[in-house]
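**Q** For the sequence shown, this note's numbering gives the first residue as 423, with consecutive numbering after it.
It is possible that some hints are incorrect.
[What the hints assert, rightly or not] Restraint ranges, calculated between C-beta atoms of paired labels, are given here:
| no. | residue 1 | residue 2 | range |
| --- | --- | --- | --- |
| 1 | Ala439 | Pro495 | 30 to 40 Å |
| 2 | Ser454 | Met485 | 17 to 27 Å |
| 3 | Gly471 | Thr436 | 33 to 43 Å |
In short, the hints are calculated from the structure, not lab data. These numbers were taken from a predicted model, which means no experiment stands behind them. Think of the CB as a built atom: it goes at the ideal place given N, C-alpha and C, for glycine as much as any other residue.
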Amino acid sequence: MRKHQFAKIDCNCTRRATHLKCVFCGVMEYRSLDEARRMSLGQAECQHGDAPQVPPQERFRAMMGGTLDCLAPDYDTHFKPD
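Make the full structure from the sequences, and use the hints.
**A** Put into structure tokens, the structure is as follows:
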């Protein structure tokens, strides 16, 4: 199983939620950063072949009701213009 890696889109939102886009498949989500760090197994699954694999221990925890962290390591700067 592969998981999304979300990065922030600069939307100038004044709310706690923001627009997030998967770095690999491009799917868009509107949620807070905390919600992106705590996604269920079904929400976190990415179909793109380059998305990172979920380690077996993390997948097992998610199957038992845990969550997956789907924020990209550079989530706050990935889509910023150079």
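**Q** For each hint given before, does the structure comply? Return the numbers of the non-compliant ones in rising order.
**A** Of the numbered hints given earlier, the structure breaks just one, which is hint 1.
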